[in-house]
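A.B. asks: Please take these sequences and the hints and turn them into a complete structure.
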Amino acid sequence: MYEHDVIVVGAGGAGLRAAIAAHEAGSDVAIVSKLHPVRSHTGAAEGGINAALQEGDDWELHAYDTMKGSDYLGDAPAVETLAQDAPEDTMRLEHWGMPFSREEDGRVSQRPFGGLSYPRTTYAGAETGHHLLHTMYEQVVKRGIQVYDEWYVMELATSDEDDPNDRSCHGIVAYDVQSGNVEGFKANDGVILATGGPGQAFDHTTNAVSCTGDGHAMAYRAGAPLEDMEFIQFHPTSLPSTGVLISEGVRGEGGILYNSEGERFMFEHGYANNSGELASRDVVARAELTEVNEGRGVDDEYVHLDMRHLGEERILDRLENILHLAEDFEGVDGLVEPMPVKPGQHYAMGGIEVDENGQTCVDGLYAAGECACVSVHGGNRLGGNALPELIVFGKRAGRHAAGEDLGEPQIRTGYGDDVEDETETELPVQPGEAGLETSDGVAADGGVTTDADGLVERTVEQARTRVDTLMDRDEGVQHAEIRQKLQNAMTDYVNVFRTEEGVKKALRIIRECREEYQNVYVDDPSRTFNTDLQQTIETRNLIDVAETIALGALVRDEFRGAHWRKEHQERKDDEWLKHTLISWDDGQPDIFYRPVILEGQDKTYEPKERSY
Amino acid sequence: MSQSYNRGLIEDFGRWKEFSAGMWAWIFHKFTGWMLIGYLFTHIAVLSSSLTGPEAYTNTIGGLESLFIVRVLEVGLLAVAVFHILNGLRLLMVDLGVGLEAQDKSFYASLVLTAIITVASVPTFLDGVTL
Amino acid sequence: MAERYSSFAPGGTAWLLQRVTAAFLVVVLAFHFFLLHFVNHAAEIEFAGTQARMENVGYFLTMVSFLVAGTFHGVNGVYNALINQGLDGTQKKVVLAVLVIASLALIAQGIYVATTMAGWT
Amino acid sequence: MSTQQQQPEEPQSQEAPEDPEMRGAESPVDEKEKQGGDIDQQTTPEDELEGETVHIKVFRYDPEVEGKQEPRFDDFHVPFEKGMTVLDAVMYARDTYDSSLTFRHSCRQAVCGSDAFFVNGKQRLGCKTQIADLEQPIRIEPLPHQEVVKDLVVDMDHFYDQMHTVEPYFQDEDTPNPADLEEQRQSPENREKIKMSSRCIWCGACMSSCNIAAGDNDYLGPAAINKAYKFAMDDREGEEIKEHRLRILEQEHGVWRCQTQFSCTEVCPKDIPLTEHIQELKREAVKKNLKFW
Ligand SMILES: Cc1cc2nc3c(=O)[nH]c(=O)nc-3n(C[C@H](O)[C@H](O)[C@H](O)COP(=O)(O)OP(=O)(O)OC[C@H]3O[C@@H](n4cnc5c(N)ncnc54)[C@H](O)[C@@H]3O)c2cc1C
Ligand code: HEM
Ligand code: SF4
Ligand code: F3S
Ligand code: FES
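Chains as they are written, first to last, in full-length UniProt numbering: chain A, 1 to 612; chain Z, 1 to 131; chain F, 1 to 121; chain R, 1 to 293.
FYI, nobody ran anything at the bench for these hints, they're computed from the structure.
Take the hints with a grain of salt, since some may be wrong.
Below, computed lysine-lysine pairings styled on BS3-like, alpha-carbon distance capped at 25 Å [to be verified]:
no., chain 1, residue 1, chain 2, residue 2
1, Z, 105, F, 92
2, R, 82, A, 485
3, R, 242, A, 142
4, Z, 105, Z, 30
5, R, 193, R, 288
6, A, 142, R, 193
7, R, 195, A, 142
8, F, 92, Z, 30
9, Z, 30, R, 122
Okay, the calculated bits of chain F under chain R, using three or more residues with CB under 8 Å as the criterion [as the list claims (entries may be wrong)]:
no., stretch
10, 26-36
11, 45-53
We put the beta carbon where it would ideally sit given N, CA and C, even for glycine.
C.D. replies: The structure is reproduced here in structure tokens:
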């Protein structure tokens with residue numbers, strides 16, 4: 001068994017920042033990550049980091065924009081913390097050597113971004129995330145922080161009192177991908193989950209193959225509720241074959257969207273008569289899908305984004321990287337033909353419910369980054385607001401776990417007297433663990449309380465049994481089949497368009513997936529670098545996460561932010577200024593709500609119409 | 001970590017067909033360099049015949065030069081030297097950071113020039129040789 | 001890698017000298033080849049001619065520096081090539097010693113021959 | 001030919017292989033029928049329209065599995081789709097024919113650096129290499145000069161060690177006073193100078209392609225030197241630190257080892273002019289030393 005004060009799971013922007021903060025606070029911290037840190041998906045972020053740095057801009061404006069962008073589903077204390085801390089934390093990155101783009105006077109450049117009232121997106125070329133990730137990894141190397149890379153974290157070692165608020169987390173169980181050994185890691189002071197997004201729950205996503213929502217699922221099963229999972233951001237222009245993102249820059253420069261009939265549908269079919277292609281992400285995404293659904297898609301799948309008319313010179317000057325992307329990943333030359341694009345899953349606004357200090361309702365369990373929901377993004381994330389979230393809340397979680405006093409949080413977590421139970425919605429199928437009786441050891445079984453060591457040991461044993469079971473089974477279904485089915489269901493029915501019928505259908509398919517998963521087997525008999533095994537475990541996590549997304553999408557009968565419901569075309573502020581929370585409750589998802597906090601430090605954010 | 005498989009170095013030589021210009025240039029340069037230093041030692045040895053006396057020197061040189069094989073070797077030496085010089089110049093440029101994009105072309109140019117110079121000097125070198 | 005922090009530059013000086021001698025050699029070698037294969041046909045070389053050239057102090061000095069430069073360049077090149085192949089430890093020291101001795105011998109012999117040629121002995 | 005290629009590797013070509021290790025590896029058409037009752041998602045019927053399959057030969061090795069301990073090549077026939085990359089092909093082969101086919105991959109967009117393979121005799125990123133640009137059969141092997149852990153997975157530890165050796169981090173200790181958010185100034189020109197060097201994604205292709213790195217395990221290698229370049233050339237760090245960096249680089253197994261073979265520059269998927277950077281550092285090191293003469 002390994003032992004550290006603080007264990008950070010995941011080495012993306014959030015995980016690295018958390019580890020550095022805990023280390024600076026004097027903790028013995030270790031990072032456990034299934035990928036080597038520099039492989040984390042934070043490296044894919046292009047746009048930038050929002051921070052009110054310049055004279056004339058201030059954090060209150062940033063907070064206001066974020067709140068408005070969130071469609072008033074962000075919690076004010078979180079939003080304000082983000083806006084207040086972002087400048088300092090961005091500057092710290094600069095001092096750590098991050099190569100930001102520069103102005104003539106040598107200061108960092110900032111550019112305008114959608115939904116921002118001031119150009120406050122700090123960037124480093126078109127590869128901000130790459131630089132952020134590498135700069136922080138460098139600091140981790142400098143500090144000699146221990147990194148267990150290519151260790152796959154399977155489960156949390158959490159005590160199993162009935163009320164999650166009474167539980168505590170004492171460590172993790174992980175297996176060394178290279179050798180296949182399952183080992184326990186005891187965390188004396190805290191476990192910080194920073195496992196990134198759940199994009200692989202969808203068939204078509206801009207997220208990496210590694211974004212499988214492991215942290216979500218582990219925390220969920222340990223008792224921490226998942227919050228606002230129905231809010232998924234879809235990006236309108238991703239390449240059909242891989243999901244690689246084509247940045248908004250193309251449309252910004254004047255790129256035009258055409259359907260298979262050569263119509264400029266944004267105008268000709270009246271989706272956005274004023275802003276056309278430059279309408280907000282969700283509007284464009286819905287327009288594209290409508291075209292495809294009505295038979296005007298190219299190859300019944302995508303639409304065309306044409307930039308040829310901009311001229312070679314301008315394209316080479318401003319959009320050169322787009323040319324490379326289209327060429328390398330789609331085999332299309334953007335100078336001679338239009339590029340195929342379609343909407344792709346891009347970001348999950350929801351996640352593990354945490355407070356401003358990154359703590360969940362389970363004592364000693366923290367979450368930060370895309371896997372967490374503080375919530376700053378509410379119903380919709382503004383471009384450039386995820387990276388500051390990583391560094392601000394990553395840092396806070398690290399410090400708090402290391403024992404620093406960050407003050408009493410205003411956001412509450414877990415069950416409490418301020419929550420309200422879900423009572424109305426009828427579910428098409430019983431969600432939750434399939435065959436609880438033959439459970440593969442992932443549901444808490446109540447009762448036994450042991451000391452921390454015992455807990456970790458016990459969880460290790462369960463995990464070993466689970467691995468053995470999967471490996472020993474010689475027949476059944478392979479995870480790839482289940483995963484594909486799940487992803488297709490999500491992309492077909494819980495995508496940009498959501499109807500009651502569709503979401504219910506998705507829930508039924510998810511149920512089927514769960515049942516099939518009972519017979520899943522790992523074909524690869526080797527313990528060495530068994531990616532088959534790893535992906536099989538990930539698929540299980542995806543099922544849990546997908547289910548919460550679909551459940552959230554079903555119960556929330558309104559149109560807010562990125563969540564669109566066919567039958568409910570308006571934002572219902574009277575009823576829905578509240579977060580959806582889903583708790584695993586020993587294998588039976590339990591849905592409840594907690595009101596949004598709109599009262600900030602010295603003002604209250606009054607919901608207004610979100611129009612730009 | 002469990003066992004792993006080390007494929008060793010053989011593969012490099014197995015893959016010679018896939019070598020790039022820069023690799024060939026490196027190999028040739030090495031080869032020619034070694035030839036040249038080898039020659040330098042031999043050369044001094046031959047010249048040392050002058051220590052015995054002028055006659056010996058003239059005879060040794062003349063005797064050697066009358067052999068066809070020596071003449072052929074000399075042409076070879078010329079080729080080797082010319083290539084080493086030309087590619088050496090190319091390397092000096094590379095060291096100064098000049099024309100790095102054209103490094104493959106300049107390697108091919110060295111080869112071609114070497115061939116031309118060598119062929120052109122064959123008459124001079126083989127002049128008056130007795131078989 | 002203990003030598004990592006040593007303050008002098010292993011390799012750096014040798015690297016530079018390799019380039020400097022190379023640049024020098026280009027000129028002299030071209031001159032040498034031209035003189036002894038094209039101007040004076042190799043087959044017609046006789047001691048008298050050689051002596052005539054060597055008596056010129058300038059020519060003598062050029063040839064000696066040619067030799068020294070060539071030897072350094074060649075031997076250093078060989079040494080580097082061997083090191084690049086992973087030569088290390090004692091082996092490396094032995095090779096270095098052998099090469100240094102060989103070069104010194106070569107240079108000494110060369111200078112001795114040249115002085116003889118010039119008829120100064 | 002390398003050792004492993006000399007094995008009789010092609011017992012079959014078009015039909016389903018008898019080899020038990022490749023069970024499940026049926027021709028794509030059979031596979032389609034098997035999947036028949038897939039849910040209402042269109043299961044890429046355009047494959048058949050295009051009617052073409054791609055023939056890939058993939059290096060296989062597993063220390064634990066009998067029959068794979070001796071490296072061999074497996075053949076897969078993957079239905080071609082427009083825009084298909086080498087990574088797509090191996091993923092298809094894994095998900096459809098043989099789930100034990102092992103390789104690293106994550107981002108699918110050339111930023112994570114996980115999937116550098118040796119494809120048709122050259123180090124390339126799987127996700128950034130279009131199938132259409134390659135000659136068939138496409139030979140896919142793990143990166144040369146690194147030990148193979150399994151199939152296409154190589155041990156990267158040595159590469160990481162070399163990257164860490166150059167002290168790849170800002171040395172300055174002082175972090176800004178939160179009150180005054182002053183950044184260190186850097187001219188746009190200086191930022192431009194380090195731009196290319198900062199793009200490295202640690203894929204290891206360059207190191208794998210370099211003969212010198214293959215022969216000398218202590219050689220820092222092009223990627224680490226390039227990393228050091230990024231820091232040495234960054235004006236935000238002072239002269240003193242730059243000198244310290246040069247001292248690391250001019251050690252015996254540092255920049256001098258580079259024999260300007262250029263293969264690193266040729267394979268780098270991020271188009272970093274590695275040789276140029278190495279050469280510049282050699283000159284910097286010489287310049288620095290001349291000062292003491
Ligand atoms: C294409 C793209 C562009 C984007 N552009 C922007 C932008 O311009 N601005 C912006 O603000 N945001 C942007 N975002 C969003 C932002 O990049 C992400 O939200 C953010 O990087 C997530 O960081 P993270 O640290 O939470 O997770 P990640 O970077 O995804 O890291 C997750 C880590 O967890 C580890 N991990 C996961 N599961 C396990 C497990 N079971 N065991 C062990 N380790 C595990 C992984 O190895 C990895 O290290 C973009 C996102 C995408 C996809
Ligand atoms: C005439 C002009 C010459 C030039 C321009 C020249 C140039 C060079 C250069 C630049 C190198 C270094 C290669 C490297 O380290 O990357 C080199 C290596 C070498 N040179 Fe020369 N050289 C010349 C003449 C000679 C002569 C006359 C000899 C023989 C005495 C010689 C023998 C060598 C050897 C042995 C090497 C090492 C090759 C290796 O890497 O194994 N060179 N030359
Ligand atoms: S320098 Fe290029 S080839 Fe080398 S590791 Fe970095 S990105 Fe890969
Ligand atoms: S391939 Fe190797 S020799 Fe130098 S130029 Fe690149 S490091
Ligand atoms: S999969 Fe990330 S670089 Fe290819």
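A.B. asks: Now, for every hint given, state plainly whether the structure supports it.
C.D. replies: Hint-by-hint comparison with the structure:
1. Between residue 105 of chain Z and residue 92 of chain F the CA atoms are separated by roughly 36 Å; this puts the pair beyond 25 Å, and the hint is violated.
2. The hinted pair formed by residue 82 of chain R and residue 485 of chain A meets the criterion: a straight-line CA distance of about 23 Å does not exceed 25 Å.
3. For a cut-off of 25 Å, the pair hint linking residue 242 of chain R to residue 142 of chain A stands: about 17 Å separates their Cα positions.
4. The suggested pairing of residue 105 of chain Z with residue 30 of chain Z holds, with an alpha-carbon distance near 19 Å, which does not exceed 25 Å.
5. Taking the CA atoms of residue 193 of chain R and residue 288 of chain R, the gap is about 20 Å. The hint holds against a cut of 25 Å.
6. In summary, the hint linking residue 142 of chain A to residue 193 of chain R is supported, as the alpha carbons are separated by about 24 Å, within the 25 Å threshold.
7. With a C-alpha separation of about 22 Å, the suggested pairing of residue 195 of chain R with residue 142 of chain A holds against the 25 Å cut-off.
8. Under the criterion of a C-alpha separation no larger than 25 Å, the hint pairing residue 92 of chain F with residue 30 of chain Z is consistent with the structure, at around 19 Å.
9. Of the pairs offered as hints, the one joining residue 30 of chain Z and residue 122 of chain R holds, with about 23 Å between alpha carbons and a cut-off of 25 Å not exceeded.
10. With 0 residues bearing a CB less than 8 Å from a CB of chain R, the stretch 26-36 of chain F misses the requirement of three and the coverage assertion fails.
11. Figure legend: the stretch 45-53 of chain F, annotated as covered by chain R; annotation inconsistent (0 residues with Cβ-Cβ distances under 8 Å, at least 3 required).
The earlier numbered hints that this structure contradicts are 1, 10 and 11.
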